[in-house]
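*Asks:* Take a look at the letters that make up each chain.
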Amino acid sequence: MAALWQYVLGGVVDGAIFALVAAGFVLIYQVTGIINLAQGEFVMIGGMTAAALTTGGMPVVAAAAIAVVVAAAVGGLTYVLAIRPARGATPLTLLFITLGVDVALRGLALFVWGTNPYSLPPFSSGSAIHVFGGAMPPQSLWVLGTDALVFAALYVFFRHTKMGTAVRAAVANPPIASTFGIPLRTFAFGSFVVAAAIGGLGGVVVTPIPGVEYDAGLTYGLAGFVAAVLGGIDSLPGALLGGFTLGIVEHVAAGLLSPGWDQGIGFFILLLVLVIRPRGLLGRAARRA
Amino acid sequence: MRRLSTAYAPVAAVIVAVIAVLVWFLPSYYTGLLTLIGIYALVTVGLNLFMGYAGQVSLGQAAFVGIGAYTSAVLSVKLHITPWLGAIAGALAAALVAFALSFIVLRLRENLLALATLALGIVINVVFNEWDFIGGSSGFKGIPGFAIGSFVFDQRAYAILAWVLVGFGIWFAGNLVQSTYGRALVAVSAGELGAQALGVNSEGLRRQAFVLSAVYAGIAGAIYASSFTYIDPTSFGFLLSVNFVLMSVIGGLRSLWGAVIGAAIVVALGQILQTVIPLVLPGARGDFQSFFLGVILVVMLILMPRGLTSRFANSGRA
Amino acid sequence: MTAIAEPVTLTVSAVSMRFGGVQALDDVSFSARGGEVLGVMGPNGAGKTTLFNIISGVQRPTAGTVRLGEVRLTGRPVDRVAALGVTRTFQTPVMFWGLNVRESVCIALTACEFGGSYPPRADRALLPSGLGMPARRRADTALRARADALLERAGLTHMGDRPTESLAFGEERLLELTRALAVDPRVLLLDEPLSGLNPDEVGEVLRLIRGARAGGIAVLLVEHAVGELLSVADRVVVLDYGRTIAEGAPADVAANPAVIDAYIGDELE
Chain Y
22 MAALWQYVLG GVVDGAIFAL VAAGFVLIYQ VTGIINLAQG EFVMIGGMTA
72 AALTTGGMPV VAAAAIAVVV AAAVGGLTYV LAIRPARGAT PLTLLFITLG
122 VDVALRGLAL FVWGTNPYSL PPFSSGSAIH VFGGAMPPQS LWVLGTDALV
172 FAALYVFFRH TKMGTAVRAA VANPPIASTF GIPLRTFAFG SFVVAAAIGG
222 LGGVVVTPIP GVEYDAGLTY GLAGFVAAVL GGIDSLPGAL LGGFTLGIVE
272 HVAAGLLSPG WDQGIGFFIL LLVLVIRPRG LLGRAARRA
Chain S
592 MRRLSTAYAP VAAVIVAVIA VLVWFLPSYY TGLLTLIGIY ALVTVGLNLF
642 MGYAGQVSLG QAAFVGIGAY TSAVLSVKLH ITPWLGAIAG ALAAALVAFA
692 LSFIVLRLRE NLLALATLAL GIVINVVFNE WDFIGGSSGF KGIPGFAIGS
742 FVFDQRAYAI LAWVLVGFGI WFAGNLVQST YGRALVAVSA GELGAQALGV
792 NSEGLRRQAF VLSAVYAGIA GAIYASSFTY IDPTSFGFLL SVNFVLMSVI
842 GGLRSLWGAV IGAAIVVALG QILQTVIPLV LPGARGDFQS FFLGVILVVM
892 LILMPRGLTS RFANSGRA
Chain U
4 MTAIAEPVTL TVSAVSMRFG GVQALDDVSF SARGGEVLGV MGPNGAGKTT
54 LFNIISGVQR PTAGTVRLGE VRLTGRPVDR VAALGVTRTF QTPVMFWGLN
104 VRESVCIALT ACEFGGSYPP RADRALLPSG LGMPARRRAD TALRARADAL
154 LERAGLTHMG DRPTESLAFG EERLLELTRA LAVDPRVLLL DEPLSGLNPD
204 EVGEVLRLIR GARAGGIAVL LVEHAVGELL SVADRVVVLD YGRTIAEGAP
254 ADVAANPAVI DAYIGDELE
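Residue numbers (the working numbering), protein chains in the order written: chain Y, 22 to 310; chain S, 592 to 909; chain U, 4 to 272.
In short, the hints are calculated from the structure, not lab data. Among these hints, one or two may not hold up.
Said to hold, decoys possible - Under 10 Å between C-beta atoms, here's a sample of chain S residues computed to sit facing chain Y:
| hint | residue |
| --- | --- |
| 1 | Ile695 |
| 2 | Arg698 |
| 3 | Leu704 |
| 4 | Val717 |
Stated by the list, open to error - Over 12 Å on every C-beta distance to chain S, these chain U residues come out as not near it, computed from the model:
| hint | residue |
| --- | --- |
| 5 | Glu9 |
| 6 | Thr12 |
| 7 | Gly38 |
| 8 | Glu39 |
| 9 | Glu73 |
| 10 | Glu155 |
| 11 | Glu231 |
| 12 | Asp237 |
| 13 | Thr247 |
| 14 | Val262 |
Beta carbons: idealized from backbone N, C-alpha and C, even for Gly.
Take these sequences, add in the hints, and give me the full structure.
*Replies:* Put into structure tokens, the structure is as follows:
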């Protein structure tokens, strides 16, 4: 039982990151209808940039800030160079384009940083945090805190700001929204920038725990993506729920079965969701593609 | 040019002949490369039938290659059957798995189908990794090679074998796409409801295309296993599936020769860049081709008038 | 196309369709015999296309059944319904881009080749085609010849090699209709086949409809060109807000006050 609880705690930490990646997915999907398979690379870029800069001597705070900006810039460039030029592309084509971006970004990371793993020092010192007999690394608080911050900010933005309302209107009915002068393309651009920033921020806060390598993006991306679909790919609360659910299930499965099954369980769940309930736990009915 | 591109059998024969001659002069490293291109081209031909002609998506094709590889390898080693039979068994295994999975997965369309095949590919890969009987994460070694009588295949023979299979694969696929059956595949991808209204069971047709693509992949996997004598799960993961998609799209989805060209480009580009880039940027290491391949994929997709498989699709519905 | 030995009757019984709080069809019942043209009329939104979707299997009704002779059609998928003898055309013609005109007709013919449903088991179509078996090649050649004969019947011979992407709208409609007739259906559902056509093409379509009727097919015709519809229909059923408000001979229906009301006071010719 103590072991089980430990697995759950480990899953909470992972789940927090999955939730952040999922939030990025959901954001882009909601605003543009695109499934962005490159989302995980933003996490990797954030973590790598911060880690590389600190290894080079920069103070952590500055490195983190720069890392988030870099990630956001990459997100914006992705939109401008790969998405916007694809006029009239079908959703599937766009998915494949993001696949190409994912491959390209990973290749670029390999080129810039090589295959070496990098790491960041934990943001606060101290020993493990004890929760009901299980232990979590102190960095987990930073990850969870970032989660809270990001999701709260997104909530406030969408529910309580004029721009957020405009975005929701644009999402609900793009043709009508554009006749009201709502700039759909700007919102699409913005969604990529913000989603990338969120991912990058996630990368920065999670890197102290496992470290980061050039191909970390694939793991985070795929997991975050499963979390998003599980929770409902058009639901931000779903991203939160899906992230933590997936993290916990994966860790428990890895603990009870064997380590290799964490990804397996995750994708098995994805299959179940796609076949039985494509809109996920909290999603609304399928968006007309 | 038009007629040459549809004269599948003769051109395939010429290619096999050229390869058979080439392997006598090439250093063994390049022969190995040629073998790999052939193996991947075989998979891609099958994938193009499924994606380009039938208009579907598979982001998990590497799993079928793996099923073919492991089936052939395990049967050859544990039951001592000849790899020739192993290859047939591998193809059958891949076909059976594809058939079973098709009932779950082929009801989905486009995006959802892409994601479902992605998930399937990863789950199957995890099975490879966790199943100790087939070696688990350490892989499976000691796979016997092909042999004719007392002649055990060497690298040259594998290259020729791979390309002979590509030749047959293209011949079969070529016959298929030029027949009414092949036209039906296109009809289902272009106007599914219209085809159904004529009595075409589109899901059944897609199922056959899916199973066929798995057969291609399974045979390729068996050759892969024997020519490398060692396989492990990392060879058949998501990254390979993405590579197959790259090969398909870069070569041209609805094209059989395109499958060969795409495979050649994706495999060769890596090699070329590995030689060239360190000359330009001394000290640079790693596989750079990913970046260029990703960019090429994106550029091609942007330039395609209607994108991927919807290229010829008409959305006219009631 | 041979005359059907025994014309069959399509029976729609108490069909209702409700979605999203809207009653699209409400207790609709009628029948259509082989060898007659049944016009289906009604203002926009009356439920005509929904009715066709239900008969052809695109949608399942919330209540009621559709039968062809003794065979129940409701609940079967589109291709099964088609295999049983009910085919249709669409408001916007569905073209098979990537194929040419002749090949499009061949699709219809090959579906019939194996008893109405395609594909058959792998060894009967997939393998022979891939292996290039001579019998299969000969069969394919025969299909192409039959397709040419049908194209000639429809006045489309010169178009056989043209890619379907290059067709004009009227040509698309004619092709779709030729395809539908090629499967030797018992019931033909035509969803606004005349809209967008020039007078010559209208004449062509009406000719094909009359030919179908003569061959024993039950033709259900939804058409906004009321004049043409009344001229070719043997009977007419009128829908309004999902209900049948009239049924009978064209002249009677045209004079029916309820029908005129439904069309907001327009005089029907």
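*Asks:* Would you pick out the hints that fail for this structure and give their numbers low to high?
*Replies:* Result: no hint breaks.
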